[in-house]
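Undergrad: For the protein sequence lines, the chains are A and B, in the order given.
Residues 1 to 243 (my numbering) are what the first sequence spells out, left to right.
Residues 244 to 1039 (my numbering) are what the second sequence spells out, left to right.
Just so you know, these hints were derived from the structure itself, not from any lab.
Possibly wrong hints are sitting among the right ones.
[What the hints assert, rightly or not] Pulled a few chain A residues facing chain B out of the computed Cβ check, cut under 8 angstroms:
(1) L11
(2) P15
(3) Y16
(4) P36
(5) R88
(6) R155
(7) L156
[What the hints assert, rightly or not] Ranges of calculated distance between the beta carbons of each label pair, as one might list FRET restraints:
(8) A:V243 <-> B:T891: 42 to 52 angstroms
(9) A:R183 <-> B:E595: 17 to 27 angstroms
(10) A:G206 <-> B:P590: 33 to 43 angstroms
[Claimed, not checked] Quick list of in silico lysine-lysine cross-link-like pairs, DSSO-like style, CA-CA up to 27 angstroms:
(11) B:K521 <-> A:K168
(12) B:K521 <-> B:K531
(13) A:K232 <-> B:K288
(14) B:K847 <-> B:K288
(15) B:K992 <-> B:K1038
(16) B:K992 <-> B:K982
All values derive from a computational prediction rather than experimental measurement.
Glycine residues also receive a C-beta, built at the ideal position from the N, C-alpha and C atoms.
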Amino acid sequence: MNMAVGQTRRLAVSPYARRLARERGLPLETLQGSGPGGRILAADVRGLVPVPTPVNSPDILAPAAAAPSVAAPRMAAFAASLALGALRDLLAALESTGKVFDIDDVLLRAAAHAFAETSEAAMLGGTPVALELAGRQAVFAAVPQVTLTSLRSTRLAALADNHDDAEKPAALSLRLLPASEIRPLMMPLLPGRAMRLTVCVAAGGGHAECLLTTDTASLDEAAAAAWLAALKSAIEHPLRLFV
Amino acid sequence: MSAARAREDFKGAPNLPDREILLDLFERMVLLRRFESIAQIACRKGETPGFLHLYIGEEATGVGVCAHLRPTDWVTSTHRGHGHALAKGANPGRVMAELFGKVDGICGGRGGTMHLYDRSVGLFGTNGIVAAGIGHAVGIGMSARQQGRDDIGVAFFGDGAANHGGFHEALNFAAVQRAPAVFVCENNLYATATPLKSVTLNPEIATKAASYGMPGIAVDGNDVFAVWLAMKEATERARAGKGPTLIEAKTYRTVGHHEGDPVIGTYRTQEELDAWIKRDPIDMFRKKLVQEYGVADAEVLATIESRIEKVVEEALTFARNSPEPDPATVRLHVFADPINPPAALQPRAAGETRTQGWLEAVRDGIAEEMRANPAILYFGEGTGERGGSFAHTRNLWQEFGAERMVDTPISEQGFTAAAVGASATGARTVSDLMFADFAFETAGQIFLQAAKLRYMTSGLMSAPMVVRVGAGALRSSGPHHSGIYHPVFAHMPGLIVCVPSTPADAKGLMKTALRAGDPVIMLEPKALFASKGEVPVGEHYVPFGVARIARAGADITIVAAGQMVQRALEAAETLVAEGVEAEVIDPRTIMPLDIDAIVASVRKTHRLLIVDEAWAMCGLGGEIAQAINELAFDELDAPPGRLHTAPTSHPFAPVLERAMLVDTARIVQGVRDVIAGQPPVPDHWYTVGLKSAAPAKPAPAPAKPQPTLPAISAPIAGDDEPITMPFGDLTVSEGTVMKWLKAVGDAVKEGELIAEIETDKAVVEIDAPVSGTLVAIDQPVGAVVPMGGRIGGIKK
């Protein structure tokens, strides 16, 4: 006789914690509940594994889950083309007055702007955005508050040093692929990041192709699409990013 | 003027009305009689659902009164009101279809026999509530006057209503307002089965008018011309602005109280009935027309009768052929759709504001709306020149005058009924009841009349009045002046319930309420009357059903309305020190309830605490918590909590009152408890004392199964005419065959008594449905027969 059968006790799990565990494919039995009577709370689930991890073994599915659990990270991807004409003209005009900005700076600012415009996405932890550099990340906090000039100087400083912000919280990582005439179709999420934006600027800078990858457990598909739409709008009407 | 005098007046009078008028009175009485007779048969066959109260015997009153009325005058009626509906001009086929509960009925099948309304002919409802319509007629008259018309309101009611507060309050209010109204008491001597003489020491109802300083006239209610004469004078008086009149029409119903009720019963004798049948209003008038007035002969009257016969037959066919209402429409016509008036749906730019006190802001709102709409009337106790007990109507009387800022007697039922009647006929009204507790003095008008009007009429009518009250606890106001009761009102489909928490919302909701299509219960927390806040300058409407996020936060959602909002905000500020950011949602209107805003907040915070000034039992806390279970269960990281005022009446002693109410400290602790996963445990069920009691016995099995009603439409096989146990009283389901007066093979005549069946309430006489030969006795003496069941057959 299986001893475990006799010892089975009903796990006390808050509905939200149960949902998070189901979505992330996490085994509830392995969790220590911090709530009253050992009830497993959302914080306990979040604390176990912060990143969606593929789980294939049916043994560790939540036993109470009646619905068939899909033990895989729930990824979603959204593509968009960005018209860069207006931005290019604006950057050129600024350059003529001695103020130089790269598209990297504008993309960081536009991503923060999209967070501010999409309340559900904003709840993922605010506006810190991670810029992917070679083998490391630089996280920019308070992007909306600082001037674009100081944002640029912070970015240039980050490029110069060697430290890695991969452990710092940020909802989004931003990857600029040095490939023109390429449309990215599939990009994995980075650990700890619920969203990843990949951008390929076409030769000549007239337009860019971008791909937004998201973890649907953290962000609803509709909210993700709204976020991308907000980003596209900000890039294509760039003036407000500079004020 | 006595009944006898009325007749004397006529005999010598040369002013006999036109022949057409006299013949029309006859025709209408025949219509009422034949219609009711057909309805009676349909009821016995089980074709009409529900109760049926017939007007047979009282036709002269309804016809004599309504002959003076225009379609733009309104009559309010009683449970015995088919005759009033027809006399006022309602289409017989559509009235019959309504009795059948069919889609072509005048109320689309939602009203039925006791709730017949027809705006096109001025029929303000038959009414299932005794005396409820009397005050409506007062408001109807005042509404017409305010709109510059000389239309009047006429209330029919029975002798039973003359001992009801609704009668006294309405007559007094009407008299003092010189309301263009006529009150017609159909004294048929019995309130259901209670003799008038046994319930009053003054059975002369007409004399009660003297108490209110208005003329009272008693007439022979079976003499249509006497009624016609009395009503002529009363109508002219009302139209001329001289005030209301009470007419007592002494009459008699020659049928039971309702179908299935015995004609004689235990309360009246066969001799009395026979005496009144000899005074049948139609027979009496027929004789007068032919013999006394000489305006018609038997042939002319027979032509009229055969024409009416055709009308009622067509009405019956129309009703039978009309489809049933579509069950998919059952949810329609509870509220206006959209529930918000256009003004409240306008997008508004955030503009200039100014700091205002609560009372001033709401006063401004009312004044703005009264300037914009001259048909707004404000009824209240001391709200006129005095400016209201809370100074909440200060200066309005000075600007709008006593005709619009109407100072009322302490007659909540009377003036709220008037508010219902006025608001349903083109005016808009505020019924200011001073304290929420006082609303129960007129609960029937709010719950049974105003709230249901739109639904009963399938959306053709509504009562867009505002019930304005000061609500909630305030410094030892005590048990009768402290309640808020919003869950009680919100329970009733058809009522909009507002509990504002800021001067801006109070003004904006009041302005929206004064443009809305439905009755609004405006519960203004007295504790906030002294509060100040930023109020938008200019037109400012707050839509119903849109919550306000009073404070944003990510850790827990607190739902609070009225004076609890400020307590919740104070608690939220205290909790910041503990690292807790609470979101405070102010629903602003309890009905409609912006549940979406609460769900959206819980999706963010995953925790919920409802804080409400009303009591917990069947209350807002349970309602919202369960809604979250249903709509956002997977979002909950802790059981929702609720904090309500303790389940006691409001004590007077300040220390006791403080112990009863929810305060900031309790909210802070409640938030901590919910976050800790252990919400406050309520104890409002009062079951503690029962815990040790013996286990409840299982419910006993029913003594015997209810007999199954036979399908109404399924004909019994055979070529004979079935004799059936008639449908009748709704509370009786079967009867025992007591006697067969005929044997198989006997010849029987249509209408002849052939059997008797005894039910729990009475002996039912079974008449032969057709003439012929009794060919079958299916149910012998002693057999128990369900209603509608076949007991035998007759071959023609």
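Undergrad: Do V243 (chain A) and T891 (chain B) keep their Cβ atoms within the hinted range of 42 to 52 angstroms?
TA: violated, 59 angstroms
Undergrad: Under 8 angstroms is the threshold here; is the Cβ of L156 (chain A) close enough to any Cβ of chain B for the hint to stand?
TA: Result: violated, 34 angstroms to nearest chain B Cβ.
Undergrad: With the threshold set at 27 angstroms, check whether the alpha-carbon distance from K232 (chain A) to K288 (chain B) stays at or below it.
TA: Cα-Cα ~72 angstroms, so violated.
Undergrad: Straight-line Cα separation of K992 (chain B) and K982 (chain B) no greater than 27 angstroms?
TA: Given pair K992 (chain B), K982 (chain B) holds - Cα atoms ~18 angstroms apart, limit 27 angstroms.
Undergrad: Interface hint check: Y16 (chain A), Cβ to nearest Cβ on chain B, cutoff 8 angstroms. Holds or violated?
TA: holds, 4 angstroms
Undergrad: With 8 angstroms as the cut and Cβ atoms as the points, is P36 (chain A) at the interface with chain B?
TA: Because about 4 angstroms separates P36 (chain A) from the closest Cβ in chain B, which is inside the 8 angstroms limit, the hint holds.
Undergrad: Mind checking the CB of P15 (chain A) against every CB in chain B and telling me if the closest is under 8 angstroms?
TA: Holds. Min distance 5 angstroms.
Undergrad: Classify the hint on R88 (chain A) as holds or violated, based on whether any CB of chain B lies nearer than 8 angstroms to its CB.
TA: Result: violated, 35 angstroms to nearest chain B Cβ.
Undergrad: Closer than 8 angstroms between Cβ atoms is the bar; does R155 (chain A) clear it against chain B? Give me holds or violated.
TA: violated, 29 angstroms
Undergrad: Hint check: K521 (chain B) vs K168 (chain A), CA-CA at most 27 angstroms. Holds or violated?
TA: violated, 101 angstroms
Undergrad: Report holds or violated for the interface hint on L11 (chain A), using the least CB-CB distance to chain B and a cut-off of 8 angstroms.
TA: violated, 14 angstroms
Undergrad: Can the restraint linking K992 (chain B) and K1038 (chain B) be considered satisfied, given a maximum Cα separation of 27 angstroms?
TA: Holds, at about 11 angstroms.
The structure is inconsistent with the numbered hints 1, 5, 6, 7, 8, 9, 11, 13, 14, although it conforms to all the rest.
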